[in-house]
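**Q** Between the sequences and the hints, there should be enough to build the whole structure, so can you do that?
Chain residues, written in single-letter form:
2 protein chains.
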Amino acid sequence: MTGKHIHILEVAEQLFAEKGFDGTSVRDIAGKAGVNLAMISYYFGSKEKLMASLIDFRSGYTRGILEELNKDESLSSWDKVERLIDLYVDKILNNYKFHCIMTQHLPTVQSDEIREMITDIKAKNFEHVKKIITEGQRKKVFRKVDMELTVGTVMGTIAQVTSSKNLYCRLLNINKDDEEGYRKKMIPKLKTHLKQMLKAHLDINNQE
Amino acid sequence: MTGKHIHILEVAEQLFAEKGFDGTSVRDIAGKAGVNLAMISYYFGSKEKLMASLIDFRSGYTRGILEELNKDESLSSWDKVERLIDLYVDKILNNYKFHCIMTQHLPTVQSDEIREMITDIKAKNFEHVKKIITEGQRKKVFRKVDMELTVGTVMGTIAQVTSSKNLYCRLLNINKDDEEGYRKKMIPKLKTHLKQMLKAHLDINNQE
DNA sequence: TTTTATTAATTAAACGTTTGATTGATTTAA
DNA sequence: TTAAATCAATCAAACGTTTAATTAATAAAA
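Chain order of the listed sequences is A and B. According to my numbering, the first sequence holds residues 1 to 208 in order. According to my numbering, the second sequence holds residues 209 to 416 in order.
Any given hint could turn out to be false.
Said to hold, decoys possible - Some but not every residue of chain A turned toward chain B, in silico, with C-beta under 7 Å:
hint, residue
1, G20
2, D22
3, G23
4, E148
5, G156
6, Q160
7, N166
8, L167
9, A200
Treat the hints as calculated values from the structure; they're not laboratory data. No residue lacks a Cβ here, since even glycine has one placed at the ideal position from N, Cα and C.
**A** Have a look at this one:
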């Protein structure tokens, strides 16, 4: 993977996020990336394989962070939850475009291979979060909760902020083209909200 | 709007949800609906206007439900939250396909008109929910929470269940093609989870 | 070191197919 | 009879991909 490969992937990422996979032509990508049309087939084989390369490229670089978090014996269950939230919010808001592709276009992707790739990544993430919550329950710090949907709530809340960006820009009086301003305002807001909510949701002292 | 119009919209809805707006051709729609290709232009003007018609068609029939809920003076704030959750979960899970289109394809829709349409609907929904929570706070029943993101959590959790259906089918051992089985299992699960979580999140007795 | 052979990278042009939309003829219903 | 509905046929444009030719880079031979 040379720098040129990566440059094409980054351009494709932006276009896919803005216009969708089917809404983006390989000519769009080639044009914006400043490379010849044929280079995309030459480099990646096809448009579909370019997408697979993009997923591979982006999902690779955060791999391992969750493993580390889970291994850390010095952290309390509450600490782990807080760090988890920080991690996810940062990760997703700072990879806004890629996350848009992952969530928005997943159900429309026709390729079984790509769909399985994405589901696998999500399933692996789920297992890590589940481990943290289960440990907290074993330690009698967390109460019994719906495991799948508690994870779904964390993911879904963050996803909502990216997928309904237009709405939140309007509600918070942010210029909808000011990506940086949106991130700056939304990241701490998201972290605070999720921590406050999970604190109430998971606390064993809050009875059913 | 005749029955034939509606039939085409329903077919288009399913295809848009499965393959995306750009991934669906008007020939796909005409073929599956059993009408002549030219009828789509004849009826709706264009593919884009068909999409606008679909949004108008689907978003119309739930309008007014939230207004009613807010007007009901006999309900406590907790009751209203519970009813709100029931309403949203039923509405979205039973209009799974349309909701997929609304959330997944919104950011990729090029037409400003359609984007504004969707954002307007969401903003209106937000105001209704905000009203319920604000009222509960005024009555000293709910604590202070992040208004925008609390609504975002409810919406996001439900959206997550529809957009990551593949993942949840795997986690819950449901055949991923069994739409009905998924709904049957997920609707009560979602309602219980959201109620439990919001109960903890909003309760004024759960201090920061 | 220079020349030659081989591979890799890049290009413009063209491929066949599909796209959204429209036409003008034909059928149906009022 | 007249207007609306439906049809097959057609359009130009855009699509993803491939081609054949050319340039740049590398390796082998002199």
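**Q** List in ascending order the numbers of the hints, as given earlier, that are violated by the structure.
**A** none
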